[in-house]
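Trainee: Given next are the chains, with one letter for each unit.
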Amino acid sequence: MDHIPGTVGTTTADNGGDFDPRQAADLLDQVTRRARRQFTPLSPLLLTFRAVIVLVIFGGVWLSVRGEHPYTGHIGGRAITVAVVLVAVNIGGTAWVIERAGAGVSGPAQRKWQAWKGFMVAAWIIGYAITAPLYHAAPGHPVWGLYPASAPLLIIGLAGAAVAAAFRYWPLAGTCLAIAVAAAAAGFGGPAGSWLITGTGLCAVYLGLAAFTAGRQHRSMVRP
Amino acid sequence: MTTELDPLIHMPTRLKIVATLAALPDGDALSFTRLQDMLGLTPGNLIIQLRKLEAAGYLASTKTRNGSAQRTTVALTSQGRAALSAYTQALRDLLGGLDRDGRPAEAGRDHVTFRAGTADVPGVQDGDGVAAADAGVQPAARQ
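Those sequence lines, one after another, are chains A and W. Read in order, the letters of the first sequence are residues 1 to 224 in this note's numbering. Read in order, the letters of the second sequence are residues 1 to 143 in this note's numbering.
Looking at chain A on its own, in the form it has when it is part of the complex:
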């Protein structure tokens, strides 16, 4: 079925003579789905894992600070360790998926994706780097509760949506905008509630993107 004929252009297999159209349709779908999975830097599995991570981290912070009157923002060392490990696993997994997707690929779309990656890394660093001077300035605990749960993601979401729209990455533009909306909504949750709102919002956004990506990867080329 899958062998290459030794004599070019003369065998039945070479001209497709024993290749049924339904087999062709199945093969086309099979190969296309696998290629989509391998070329995409957005893995539905990784996005689902990311959804769980944000729920665990932000939800964990909310569980540890809820009911604090006055708000102190005290978070246990074990929770911070778990959060750091999960974030590290997420970064490692993301880097691996992106590296695998782009291996051997070159061209204008690949260069555009590299530019997008660089911009988003810078946005994440800048968004969270602002928390360092804020900590140094020793603001009140309510501010310290609201800012990290909401502001960096608002900045990253809006900036990412603008750049993604400029690059015509529409699903990513929608995702970034949804992140910004979740972060903005979290601002109304108070220093403790903001963590819960951001966590559930981000979880829903990542699950939505995972479902969208999986659906697009699985879409048939031939059948409706």
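Hints listed in this document are in silico derivations from the structure and should not be mistaken for laboratory results. Yeah, the Cβ is synthetic: ideal placement off N, Cα and C, and Gly gets one too. A couple of the hints might just be wrong.
To be verified - Here's a subset of chain A near chain W, in silico, CB distances under 7 Å, partners left out:
{"no.": "1", "residue": "P21"}
{"no.": "2", "residue": "F39"}
{"no.": "3", "residue": "G104"}
{"no.": "4", "residue": "S106"}
{"no.": "5", "residue": "G107"}
{"no.": "6", "residue": "A109"}
{"no.": "7", "residue": "Q110"}
{"no.": "8", "residue": "M221"}
Claimed, not checked - Here are the computed lysine-lysine pairs in the DSS-like style, where the Cα-Cα straight-line distance is at most 30 Å:
{"no.": "9", "chain 1": "A", "residue 1": "K112", "chain 2": "W", "residue 2": "K63"}
{"no.": "10", "chain 1": "W", "residue 1": "K63", "chain 2": "W", "residue 2": "K52"}
{"no.": "11", "chain 1": "A", "residue 1": "K117", "chain 2": "W", "residue 2": "K63"}
Given the structure of chain A, go ahead and fit chain W onto it with the hints provided.
Mentor: Showing chain W alone in chain A's frame:
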């Protein structure tokens, strides 16, 4: 209605090559080694099929030299994308005329021909529509 299946694409290995390259964004190229890894083909087999597709203008290959190492990349041309699109539409038209058992639907008595006239798909010939096509149905080819 006559459905034409491009004989250059209607062959398992070449269909795999074209479908894999079509999954890349327009204008992007793939290295020969990665394409070979993805398809699980020997270099000789892959080169034979790539040359046929390149000769037809369906794909373009570029060789770059970095010191002593040579890197070959291949990309689907706009003509290749159009050919795959036409091929996919032909399959869609053809399969739309089949019922779940592979027999011709009442409203869709299609027949298949190859554009270049090299061969008809067995059991999918003039007069009988696609009635006999189900005789040789096999599971999808796998690597």
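Trainee: So which of those numbered hints doesn't the model satisfy?
Mentor: none
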